[in-house]
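Can you build the whole structure from these sequences, using the hints too?
Protein chains: 2
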Amino acid sequence: MSRASDRAYSTIREMIMSGELAPGDPLGEEALAERCGVSRTPVRDALRRLEADMLVSRTDTQRSFVADWSLDDIADVFELRAMLEGHAAQRAAERMDDGTLKALRRCNSALRDAVQASPPDVDRFLERNKEFHALIIEAAGSRKLVSLLASVIEQPVVWRTAHHYGAEELRRSCGEHDELLAAFARRDGAWANAIMSGHIRRAFHAYADAHRGLTAIDNRARRRTA
Amino acid sequence: MSRASDRAYSTIREMIMSGELAPGDPLGEEALAERCGVSRTPVRDALRRLEADMLVSRTDTQRSFVADWSLDDIADVFELRAMLEGHAAQRAAERMDDGTLKALRRCNSALRDAVQASPPDVDRFLERNKEFHALIIEAAGSRKLVSLLASVIEQPVVWRTAHHYGAEELRRSCGEHDELLAAFARRDGAWANAIMSGHIRRAFHAYADAHRGLTAIDNRARRRTA
DNA sequence: CCGACTCGAATTGTATACAATAAGGATGTT
DNA sequence: AACATCCTTATTGTATACAATTCGAGTCGG
Numbered sequence: 011m012s013r014a015s016d017r018a019y020s021t022i023r024e025m026i027m028s029g030e031l032a033p034g035d036p037l038g039e040e041a042l043a044e045r046c047g048v049s050r051t052p053v054r055d056a057l058r059r060l061e062a063d064m065l066v067s068r069t070d071t072q073r074s075f076v077a078d079w080s081l082d083d084i085a086d087v088f089e090l091r092a093m094l095e096g097h098a099a100q101r102a103a104e105r106m107d108d109g110t111l112k113a114l115r116r117c118n119s120a121l122r123d124a125v126q127a128s129p130p131d132v133d134r135f136l137e138r139n140k141e142f143h144a145l146i147i148e149a150a151g152s153r154k155l156v157s158l159l160a161s162v163i164e165q166p167v168v169w170r171t172a173h174h175y176g177a178e179e180l181r182r183s184c185g186e187h188d189e190l191l192a193a194f195a196r197r198d199g200a201w202a203n204a205i206m207s208g209h210i211r212r213a214f215h216a217y218a219d220a221h222r223g224l225t226a227i228d229n230r231a232r233r234r235t236a
Numbered sequence: 011m012s013r014a015s016d017r018a019y020s021t022i023r024e025m026i027m028s029g030e031l032a033p034g035d036p037l038g039e040e041a042l043a044e045r046c047g048v049s050r051t052p053v054r055d056a057l058r059r060l061e062a063d064m065l066v067s068r069t070d071t072q073r074s075f076v077a078d079w080s081l082d083d084i085a086d087v088f089e090l091r092a093m094l095e096g097h098a099a100q101r102a103a104e105r106m107d108d109g110t111l112k113a114l115r116r117c118n119s120a121l122r123d124a125v126q127a128s129p130p131d132v133d134r135f136l137e138r139n140k141e142f143h144a145l146i147i148e149a150a151g152s153r154k155l156v157s158l159l160a161s162v163i164e165q166p167v168v169w170r171t172a173h174h175y176g177a178e179e180l181r182r183s184c185g186e187h188d189e190l191l192a193a194f195a196r197r198d199g200a201w202a203n204a205i206m207s208g209h210i211r212r213a214f215h216a217y218a219d220a221h222r223g224l225t226a227i228d229n230r231a232r233r234r235t236a
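Listed in order, the protein sequences are those of chains E and G. Residue numbering for the first sequence follows my numbering, beginning at 11 and increasing consecutively. Residue numbering for the second sequence follows my numbering, beginning at 11 and increasing consecutively.
These are calculated hints, taken from the structure and not from any lab test. These numbers come from a predicted model, not from an experiment. Even for Gly, the Cβ is constructed at its ideal location relative to N, Cα and C. Wrong hints could be hidden among the right ones.
Stated by the list, open to error - In silico negatives: residues of chain G with every beta carbon more than 10 Å from chain E:
1) Ala62
2) Ala127
3) Glu137
4) Ala204
As the list claims (entries may be wrong) - Partial list, derived from the structure: chain E residues whose beta carbon lies under 8 Å from chain G:
5) Arg68
6) His97
7) Arg153
8) Leu158
9) Ala160
10) Ser183
As the list claims (entries may be wrong) - Derived CB-CB ranges, DEER-like:
11) Asp35/G x Asp133/E: 40 to 48 Å
12) Arg13/G x Gly47/E: 48 to 56 Å
13) Arg134/E x Ala204/G: 55 to 63 Å
14) Arg211/E x Gly109/G: 29 to 37 Å
Put into structure tokens, the structure is as follows:
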């Protein structure tokens, strides 16, 4: 991560993910270059990558903005993710070897520890959860699937609101992982697919509920400052 | 398409698609810049885009090569395409309006003309076929789905071998489009999904058969020149 | 008051020079 | 002959200057 374009990439990415830059904010190359302490060249590189990640969008005249997502857009993304990650789970189940299964069990057990702590350690939960899903995608053994899913999983809005999960949600999520493990142990691809698809869809509805709340709050705040 | 980076993009892309550059060939920035008549800057831009298209791959040290695909990789891509484009067809069926349906009918009828000419006009077939599929993806009304499918449809190897389709295959393909139209007319999403998925899978096997033949020929030729 | 137009400022696109790094071959050692 | 090491050369990364576009404010005419 010593190359300037990598620094620019992760700096800008972090600014977007953290909300420091809000959806719709303009991203001038010069301004970003200054904030990242590099020249425009690596910034342009970084913007291209972030555009591929769909964290940045461009007008027809090549001006960049922080990508803005409607709830409909997000619903689409979750639907695709449910389908693709379900497919990944199916392939993983059909190709599962004992080493990977063991790693998944270990990962989910660490995840459970994070959930059962009081208060639950949400950051560690997110980290382990990411690792769990990554292991499955890896085990599916399809290069293209990896790259497609990457662009569908990295949704800043989603990760930002994961902190609003209740203890209830976290425990249920953990339980679904257990069921996934059972499906893997039996090498039952269709079962794994069904569980994973449901798992993602539940996550969407949890997100949508939280989002409605947030939007209401935002609107109230906006009205107050207007 | 007047910007230098666009020229570089389409020039390099065309060199790859046409086979002028073979899988595994190194892609030096300077050499490409000279061949495209531009400086290295737009070439770097173009390479990034082509990498996102998965037409170009890079080593860990950022050296670029024409991407190489094993038959397994290609099978993966077709599987994903079948799933995603089936999903697109389903959504399209559920959202179909009469205008789009009419456009699809007109498109398929032009496609049929190209097939029934003697000899069949394969180039026009490909063009219309592309348009037909694009209309459906458009009608699915999901931005993200558009971008995912784009990266899965643009497979150079595939298009290059489409010319080996027999008249038989072409006619069958046309018939499947008819059935798709019937599913759209009834707004039957599940039906449309099933047809589309099968349609893509058939295309894969046609490709795989042709590819086995081509590989055999290649190997013979290689042995001769070695 | 509204719309088309113009011109200046801001922003992106491209070329080029130079710095940093990696690949490939020569050299010497075991 | 096999192998590690150094050095040369080729290639990529970055900064910067300048050209080409685009945006928007201000102006003019209807």
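Results of checking the hints against the structure:
no.: 1; hint: Ala62; result: violated, 5 Å
no.: 2; hint: Ala127; result: holds, 35 Å
no.: 3; hint: Glu137; result: holds, 25 Å
no.: 4; hint: Ala204; result: holds, 15 Å
no.: 5; hint: Arg68; result: violated, 12 Å
no.: 6; hint: His97; result: holds, 6 Å
no.: 7; hint: Arg153; result: holds, 6 Å
no.: 8; hint: Leu158; result: holds, 6 Å
no.: 9; hint: Ala160; result: violated, 11 Å
no.: 10; hint: Ser183; result: violated, 24 Å
no.: 11; hint: Asp35/G x Asp133/E: 40 to 48 Å; result: holds, 45 Å
no.: 12; hint: Arg13/G x Gly47/E: 48 to 56 Å; result: violated, 29 Å
no.: 13; hint: Arg134/E x Ala204/G: 55 to 63 Å; result: violated, 43 Å
no.: 14; hint: Arg211/E x Gly109/G: 29 to 37 Å; result: holds, 32 Å
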